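Asks: Listed below are the residues making up each chain.
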Amino acid sequence: MTASITTHISNTLPGWQPFEWIVALRFLREGRIQTAFIISGIALGVAVIVFMSALLVGVQANFMQRVLTGQAHIQLLPAKEVVRPQQGKIAGPSAKVLYDAIVQAPLQRLKSIDQWQSIAQQIGRMPEVLVVSPAATGAGLILRGDTSRAISIIGIKPELYFQIVPLADKIIRGNLRLTGADILIGSELAADLGVGTGDQLHLTAASGAATILRVTGIFDLGNKGANARTTFVALRTAQSLLGLTGGVSVLDITVRDIYAAETIALRIRAATGTDAQSWIATNAQFFVAVGAQQSSNTVIRLFVALSVALGIASVLVVSVVQKSREIGILRAMGIRRGQILRVFLLQGGLLGLGGAIVGAVLGALGLLLWQQLQRNADGTPLFPLTFDPVLFISALGLSMLTGLVSAFIPALRAARLDPVVAIRG
Amino acid sequence: MVESAAVPTLVLQLQGVRKTFNPGRLNAVEVLHGIDLTLHAGEFCAVVGPSGSGKSTLLNIVGLLDRPTAGTVAICGQPTHDLDDSALTQLRGHRIGFVFQYHHLLSAFTALENVLMPLLAAASSPNQQMVQRATDLLDQVGLHAYLAQPATQLSGGQQQRVALARALAMQPALLLADEPTGNLDTVSADAVFALLRDISRNAGMAVLFVTHNEALASRCDRTINVVDGLIVG
Numbered sequence: 001m002t003a004s005i006t007t008h009i010s011n012t013l014p015g016w017q018p019f020e021w022i023v024a025l026r027f028l029r030e031g032r033i034q035t036a037f038i039i040s041g042i043a044l045g046v047a048v049i050v051f052m053s054a055l056l057v058g059v060q061a062n063f064m065q066r067v068l069t070g071q072a073h074i075q076l077l078p079a080k081e082v083v084r085p086q087q088g089k090i091a092g093p094s095a096k097v098l099y100d101a102i103v104q105a106p107l108q109r110l111k112s113i114d115q116w117q118s119i120a121q122q123i124g125r126m127p128e129v130l131v132v133s134p135a136a137t138g139a140g141l142i143l144r145g146d147t148s149r150a151i152s153i154i155g156i157k158p159e160l161y162f163q164i165v166p167l168a169d170k171i172i173r174g175n176l177r178l179t180g181a182d183i184l185i186g187s188e189l190a191a192d193l194g195v196g197t198g199d200q201l202h203l204t205a206a207s208g209a210a211t212i213l214r215v216t217g218i219f220d221l222g223n224k225g226a227n228a229r230t231t232f233v234a235l236r237t238a239q240s241l242l243g244l245t246g247g248v249s250v251l252d253i254t255v256r257d258i259y260a261a262e263t264i265a266l267r268i269r270a271a272t273g274t275d276a277q278s279w280i281a282t283n284a285q286f287f288v289a290v291g292a293q294q295s296s297n298t299v300i301r302l303f304v305a306l307s308v309a310l311g312i313a314s315v316l317v318v319s320v321v322q323k324s325r326e327i328g329i330l331r332a333m334g335i336r337r338g339q340i341l342r343v344f345l346l347q348g349g350l351l352g353l354g355g356a357i358v359g360a361v362l363g364a365l366g367l368l369l370w371q372q373l374q375r376n377a378d379g380t381p382l383f384p385l386t387f388d389p390v391l392f393i394s395a396l397g398l399s400m401l402t403g404l405v406s407a408f409i410p411a412l413r414a415a416r417l418d419p420v421v422a423i424r425g
Numbered sequence: 001m002v003e004s005a006a007v008p009t010l011v012l013q014l015q016g017v018r019k020t021f022n023p024g025r026l027n028a029v030e031v032l033h034g035i036d037l038t039l040h041a042g043e044f045c046a047v048v049g050p051s052g053s054g055k056s057t058l059l060n061i062v063g064l065l066d067r068p069t070a071g072t073v074a075i076c077g078q079p080t081h082d083l084d085d086s087a088l089t090q091l092r093g094h095r096i097g098f099v100f101q102y103h104h105l106l107s108a109f110t111a112l113e114n115v116l117m118p119l120l121a122a123a124s125s126p127n128q129q130m131v132q133r134a135t136d137l138l139d140q141v142g143l144h145a146y147l148a149q150p151a152t153q154l155s156g157g158q159q160q161r162v163a164l165a166r167a168l169a170m171q172p173a174l175l176l177a178d179e180p181t182g183n184l185d186t187v188s189a190d191a192v193f194a195l196l197r198d199i200s201r202n203a204g205m206a207v208l209f210v211t212h213n214e215a216l217a218s219r220c221d222r223t224i225n226v227v228d229g230l231i232v233g
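Residue numbers (this note's numbering), protein chains in the order written: chain A, 1 to 425; chain B, 1 to 233.
Pulled out of the complex, with its shape left as it was, chain A reads as follows:
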């Protein structure tokens, strides 16, 4: 045997390839235009799925990151004050209980959480809970010269609260020091009042209590309204300003599994009798929107997968018809039904895989392009997109599976061809 024949054979029929692979690959190569078209179709479908899924995950992750780095996962508030209607009894044979006809809703005064320290300890012992941070919050007024601004006073224990809200990332001037005479203010408030770090401010609470505090840090929470209103002071300072001596109005809590927050909040509510609100409940509208997005994404994915499957199936049905004589002769030569079945299943799987690889690359390119084109006013990306390998691997796997499933009927048809009928044509 000459060297050229050996080279020819080793190039065209690699030793590692079983019979089914050789025939399947060659059939696909022979109908290369058909193969190219169907791979393009699959690729477009996979690209749409990859792009949409990554975008949806990016939107969700971005929201989580923004929300959960700015607030606690669960907030414990004092139980709301309720009014019970007055009642009286009428004596006599028609004795009955009478209630007041009109019940006014009670005013919700600023008050402390009853037994907050023991509640904080009780919650802190729960294995799902990471941090419990007490805070005293209320309204106040800052005066500077002729100017005054209404503000929200948040009294915190810095060593605990900063584990929940990483304010260090948001400080744009000064530092995070927060002793009894210090205050951290938002950038908008600082601009309105014309103050910088080291300046002193006169702070008055709604109760009338007042104090003078020094600005040690200025932060930017990424929200103009929040930057104009929010101030942080030491817990003790807030307690005396708000008339909550020794008390706190909020317990901020972070948990290990953010998606279990609502369940944990319900358990805390049941155990303590306080009003525990999870971030899931306070952002319910967002979850409705995400749910709707996910449903529509699933429907789109389903229809794309269906059209991909039908495309593969139709190409292979045509291929079986075109090659029926060849299949007949293969069967006459002793090739088993199972081998014919595998030849066509492989073609389906390979079309799915090939389309998925091209589609994954197209989807990734689309994401990069989207990231370049869709930007904030300051030029930063609208939100960071992550290229999750799991998304790409699952797209490959699902596409290949779709290829195999959609190839099954044509493959079965090929395997069941009667060689006599097939050869006769």
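Derived by calculation from the structure, the hints in this document are not laboratory data.
Keep in mind that this is a model prediction, so the values were computed, not measured.
We put the CB at the ideal spot given by N, CA and C, even for glycine.
Incorrect hints may appear among the rest.
What the hints assert, rightly or not - Calculated from the model, a selection of chain A residues having no Cβ within reach of chain B, i.e. all distances over 10 Å:
{"#": "1", "residue": "I22"}
{"#": "2", "residue": "Q34"}
{"#": "3", "residue": "P127"}
{"#": "4", "residue": "L130"}
{"#": "5", "residue": "A228"}
{"#": "6", "residue": "A234"}
{"#": "7", "residue": "A284"}
{"#": "8", "residue": "F303"}
{"#": "9", "residue": "G334"}
{"#": "10", "residue": "L401"}
Unchecked claim - Taking CB as the label site, the calculated pair distances span:
{"#": "11", "chain 1": "B", "residue 1": "T20", "chain 2": "A", "residue 2": "V321", "range": "28 to 34 Å"}
{"#": "12", "chain 1": "A", "residue 1": "S40", "chain 2": "B", "residue 2": "T152", "range": "22 to 28 Å"}
{"#": "13", "chain 1": "B", "residue 1": "G34", "chain 2": "A", "residue 2": "I33", "range": "50 to 56 Å"}
{"#": "14", "chain 1": "B", "residue 1": "P150", "chain 2": "A", "residue 2": "S307", "range": "46 to 52 Å"}
{"#": "15", "chain 1": "B", "residue 1": "T152", "chain 2": "A", "residue 2": "S307", "range": "30 to 36 Å"}
{"#": "16", "chain 1": "B", "residue 1": "Q128", "chain 2": "A", "residue 2": "V318", "range": "56 to 62 Å"}
{"#": "17", "chain 1": "B", "residue 1": "S155", "chain 2": "A", "residue 2": "V318", "range": "26 to 32 Å"}
{"#": "18", "chain 1": "A", "residue 1": "Q371", "chain 2": "B", "residue 2": "P150", "range": "45 to 51 Å"}
{"#": "19", "chain 1": "B", "residue 1": "D84", "chain 2": "A", "residue 2": "L302", "range": "36 to 42 Å"}
{"#": "20", "chain 1": "A", "residue 1": "L302", "chain 2": "B", "residue 2": "Q128", "range": "47 to 53 Å"}
{"#": "21", "chain 1": "B", "residue 1": "D84", "chain 2": "A", "residue 2": "D257", "range": "34 to 40 Å"}
{"#": "22", "chain 1": "A", "residue 1": "S40", "chain 2": "B", "residue 2": "G24", "range": "49 to 55 Å"}
{"#": "23", "chain 1": "B", "residue 1": "P23", "chain 2": "A", "residue 2": "L302", "range": "43 to 49 Å"}
{"#": "24", "chain 1": "B", "residue 1": "T38", "chain 2": "A", "residue 2": "S40", "range": "54 to 60 Å"}
With chain A fixed as given, assemble chain B onto it according to the hints.
Replies: Using the frame of chain A, we list chain B on its own:
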């Protein structure tokens, strides 16, 4: 590489073979009415008869592509009536070779790869001995220069010779040739027939050669005449 099977003397034995299409229906047609036939190793037997006489049906039954309605078929002494599809396919692949009027080569493959196909299917993946065997066979049919040529680029006569080499790849005990020269010009037909004759003689292979060409039939060891589903001579 497929092992060379010891070829028994009696290669084919048909006893009372009948074939009815659409049995039990109003349009049932019996095309073979009880065929008895034996063929020994090295025997080159022509099958002649008018169109529609049942030659192709007989060949399909002998080639285990179709089952008789009644009667028995034994290949190399092995009865086939109780074999399932898988066993029939295996027996067909190892004992029987086919050459058809139209070559039915796989258009996506070269001449050499076409000859390799039955060997590949039996052994799963290609190896050096297989390639050697396929090369030798193409050499034997005079196509050594066309090994790497795509099957579709060969002439009709060359394609039929590739089909012949492919039919011989598994060293069958019985070769079934259904008018292999029907589509060829006289020169090519003579060449293919001579080749078939030589190879069968050298390999000790039994050949059932269906033809309408009386000149070729007269050059065979034996001729059977099928008329209306019966062997008449």
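Asks: Hints first: check each against the structure and report whether it holds.
Replies: How the hints compare with the structure:
With a least beta-carbon separation of about 7 Å from chain B, I22(A) fails to lie farther than 10 Å from that chain, contradicting its non-interface assignment. Against chain B, the non-interface label of Q34(A) holds: every CB pair exceeds 10 Å, the least being about 13 Å. Interface exclusion of P127(A) from chain B stands, the closest Cβ pair being 56 Å apart, more than 10 Å. Listed as a non-interface residue, L130(A) keeps its Cβ farther than 10 Å from every Cβ of chain B; the least gap is roughly 58 Å.
The Cβ of A228(A) sits about 74 Å from the closest Cβ of chain B, beyond the 10 Å cut-off, so the non-interface label holds. The claim that A234(A) is not at the interface with chain B holds, since no C-beta of that chain comes within 10 Å of its own (minimum 78 Å). With a minimum CB-CB distance of about 60 Å to chain B, A284(A) clears the 10 Å threshold, and the non-interface call stands. Residue-level check passed: F303(A) sits 34 Å from the nearest beta carbon of chain B, beyond 10 Å.
Non-interface status of G334(A) relative to chain B is broken: a Cβ of that chain comes within 10 Å, the nearest being about 2 Å off. Even its closest Cβ contact with chain B, about 25 Å, leaves L401(A) beyond 10 Å, as expected for a residue assigned away from the interface. The supplied range of 28 to 34 Å is met by T20(B) and V321(A), whose beta-carbon atoms lie about 29 Å from each other. Hint check: S40(A) to T152(B), Cβ distance near 26 Å, so the stated range 22 to 28 Å holds.
A beta carbon spacing of about 52 Å between G34(B) and I33(A) agrees with the range 50 to 56 Å that was offered as a hint. The supplied range of 46 to 52 Å is broken by P150(B) and S307(A), whose beta-carbon atoms lie about 35 Å from each other. Distance hint for T152(B) and S307(A): a CB-CB separation of about 34 Å, consistent with the stated range 30 to 36 Å. Here the CB-CB span from Q128(B) to V318(A) is close to 37 Å, at odds with the stated 56 to 62 Å.
A beta carbon spacing of about 29 Å between S155(B) and V318(A) agrees with the range 26 to 32 Å that was offered as a hint. Checked against the given bound of 45 to 51 Å, the beta carbons of Q371(A) and P150(B), roughly 47 Å apart, stay inside it. One distance hint, 36 to 42 Å for the beta-carbon pair D84(B) and L302(A), holds here, with the actual separation near 41 Å. Hint check: L302(A) to Q128(B), Cβ distance near 50 Å, so the stated range 47 to 53 Å holds.
Taken as a hint, the range 34 to 40 Å is violated for the pair D84(B) and D257(A), whose Cβ atoms sit roughly 57 Å apart. With their beta carbons about 51 Å apart, S40(A) and G24(B) fall inside the hinted range of 49 to 55 Å. Between P23(B) and L302(A) the CB atoms are about 47 Å apart, so this pair conforms to the stated range of 43 to 49 Å. For T38(B) paired with S40(A), a C-beta distance near 59 Å keeps the hint of 54 to 60 Å intact.
Against the hints set out earlier in the document, violations occur for numbers 1, 9, 14, 16 and 21.
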